[in-house]
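Spelled out from the first residue to the last, the chains are:
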Amino acid sequence: MTPDRPAGQTALGKHDIAARIARDIPHGAFVNLGIGQPTLVADHLPADAGVVLHTENGMLNMGPAAQGDAIDPDLTNAGKIPVTELPGAAYFHHADSFAMMRGGHLDICVLGAFQVSASGDLANWHTGAPDAIPAVGGAMDLAIGAKKVFVMMTLFTKTGAPKLVSECTYPLTGLACVDRVYTDLAVFDITPRGVVVRETFGPTVDDLAGRLDLPLIPAGD
Amino acid sequence: MTPDRPAGQTALGKHDIAARIARDIPHGAFVNLGIGQPTLVADHLPADAGVVLHTENGMLNMGPAAQGDAIDPDLTNAGKIPVTELPGAAYFHHADSFAMMRGGHLDICVLGAFQVSASGDLANWHTGAPDAIPAVGGAMDLAIGAKKVFVMMTLFTKTGAPKLVSECTYPLTGLACVDRVYTDLAVFDITPRGVVVRETFGPTVDDLAGRLDLPLIPAGD
Amino acid sequence: MAVQLCADADEAVAGVQDGSTVLIGGFGMAGMPVELIDALIRQGATDLTVVSNNAGNGDTGLAALLAKGRVRKVVCSFPRQSDSYVFDELYRAGKIELEVVPQGSLAERMRAAGAGIGAFFCPTGAGTLLAEGKEIRVIDGRTHVLEYPIKGDVALIGAHRADRMGNLVYRKTARNFGPVMATAATTVIAQVREVVDTGALDPESVVTPSIYVDRVVQEASA
Amino acid sequence: MAVQLCADADEAVAGVQDGSTVLIGGFGMAGMPVELIDALIRQGATDLTVVSNNAGNGDTGLAALLAKGRVRKVVCSFPRQSDSYVFDELYRAGKIELEVVPQGSLAERMRAAGAGIGAFFCPTGAGTLLAEGKEIRVIDGRTHVLEYPIKGDVALIGAHRADRMGNLVYRKTARNFGPVMATAATTVIAQVREVVDTGALDPESVVTPSIYVDRVVQEASA
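Chains as they are written, first to last, in our numbering: chain A, 1 to 221; chain B, 222 to 442; chain C, 443 to 664; chain D, 665 to 886.
Just so you know, not all the hints are guaranteed correct.
[Said to hold, decoys possible] Here are a few chain C residues that face chain A, going by a calculated C-beta distance under 8 Å:
| # | residue |
| --- | --- |
| 1 | 443 |
| 2 | 446 |
| 3 | 500 |
| 4 | 557 |
| 5 | 609 |
Don't read these hints as lab results, they were simulated from the structure. Note that beta-carbon positions come from the ideal geometry of N, C-alpha and C, so glycine has one too.
One chain only, chain A, in its complex shape (with noise of 0.2 Å):
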């Protein structure tokens, strides 16, 4: 259960929300999941789905977290933690794995995020904070990059406020780059239109539209 679920409700635990997001990728996808929650997503996708994931430190076709002997320090994610190959795998150096992330090779990246807009803006990097001390890693190569960029949060932060707003007031990572973002409460697309709400689990759309600071447009409108 996660802590902002709403009590009598469905919302999703982060378990759930990575195997709805392992349901929307389609067979054969070439994927980057984010450090952090979306890894949870490769735990979700059959083996059959022929899903061959990227990690932007340079590989394709990585397999899961290395256990016991397995364990190879010459090969990580880019959460530097141990991981497997798989057959058809392919190393390739930095430069190349960033062009392939930047050059819009990948199907769908999965990432985390502080906040998105209504407009697709992305801040997931720096909060912000006058001390924090910058580090952006690969997040906004991951998200100007992928086809498709998907984002797995909780809809709502632990104190309750809104992370899908009008307009970020964290430090922006990429604008106008997020697709589809997927929560514990609601999946929604960003259009042209604006915010869809194209599925919820538990909360009416209007529900949803009472909580956030924006419009909401229902799936099929």
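Here the structure of chain A is known, so what remains is to put chains B, C and D in place on it, guided by the hints.
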């Protein structure tokens, strides 16, 4: 004997020019030899010189032309002539090959020329004839890429016109890119002070000055 | 998306649209996807822009495509060869457009298309006819020309081996433009000598990862 | 020029000048040239600008170099890690400069240095804090940031094997920044696990050709 060899002088033939150039290539240098006469330089590099030849179609440590059964259609030089590979060779794609060249990693490139100007402009790709079909290949990339660009040419055309000129009249391949010019009659350095005559093969510097329409600086001045 | 393993070259080039930009690999005959070009001639797409290092030679392959009148424009570094008479005649008759690009800039412009680079400042060709009309900037005392990406709708390339996922390896200097073109086109079609099982290629030695490859066909003559 | 095979890491890093820009490979510990960094600490060069993906962790390697006060500025994508306390303290005390660069732009800027590209328009970071003060241009409807090359005086990289000419191969994701940094520095120094005879590496699989490598040393711990 070259067609323009003045009677009674010791002008060099093309093989002698190639040998003269080979003597100036330091041990272990990485070198690109342009299509045509510059390829003759390879014949004059001692086996123990450790010179590594680059061919811009994607190879380092190219060996001599292939003969008989060694001919492999997958292995050619930039002139599309079958060649061989030496131990320690490496293959790479065209973008990497020209990145290597453009990035200034080759020590020396040897090119033919229609004209070289006193400021080192090179014209070697286009006669400027109105009905000529333009075709540049790698000439412009080679001209600006190597640490040192050597030109190998006769000093005069078959009709006696100088090819080392104050300003090129043919369309340029590159601006201020030539470092040294090896000819049948002399070797010239293109320097910020002007054209320095390094060495002559028969004529005196004054002889050359009388036939060329540009100031010459004797070596050592 | 997952690679399509094609039964023959005709299946591999199905659907190429009139007006497409087609990148064609090879340097001379090394790496030239001859069977794919022949299939493209049968397929019939016309009004094409072809990007390749050369403009065809003799009467086969690219020259045959040109001879059929299917090509509106050629973008290449070196159209003029001893036996490029098909191109030469079309060009002199004003029946084909030509854009000459220095060989390294041709490769780098395709790399930029594949790498998501919007444009780049390149020293090659500065001060020459081939920079005329292009934006110029002096950076660190050196004159550069602004070059834009060249993107293909289709790439036809020749490789040595593919695995069943579409990973490719090349052989010797036949590698040339293949790996770059594979990054730069919407639909990438590879002709290979051999298709091997997934896992049979060394992951350290894969040159074109499967993500770039859409269709693979084994050469009929292989 | 021909590669120098060094007896030990101290010989390999000899002559690094104060004020140099030093590119240091590795992503986490994978590909990190630890023995070369330790030798650089002994060598004593100071007032360095270090370009690396991270800003050191724990008390060893790059963190130890920082702790000695040898580094004026760090250019990296991700300085803040759970155990980057050495950097954090120097930064908060105003004793070290930081330039944060998106990871892909960091790699591409070094590639540009190695490839003779004067500058490039890149979509990464457009509209963010990291593009502030940079030239912006809209190309094909997309906003791009003009990025300049990052060139090193020295690169310290870790590879798996070298041959005696200096050709390098890497292993798995330890490849990361090594091949790019090897193109981007005046003096490239590689720490390898094994030096093999020339001819023992497959020419199809060489990742860093010998032309880029100036000095090679086999790891003492290998």
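Verification of the hints:
With a least beta-carbon distance of about 5 Å to chain A, the hint placing residue 443/C at the interface is held under the 8 Å criterion. For residue 446/C, the shortest C-beta to C-beta distance to chain A is roughly 10 Å, which exceeds 8 Å, and the interface hint is violated. Interface restraint check for residue 500/C: the shortest CB-CB distance to chain A comes to about 35 Å, outside 8 Å, so the restraint is violated. Because the beta carbon of residue 557/C sits about 3 Å from the nearest beta carbon in chain A, less than 8 Å, this interface hint is met.
Interface hint status for residue 609/C: upheld, as the beta-carbon distance to the closest one in chain A is roughly 6 Å, under 8 Å.
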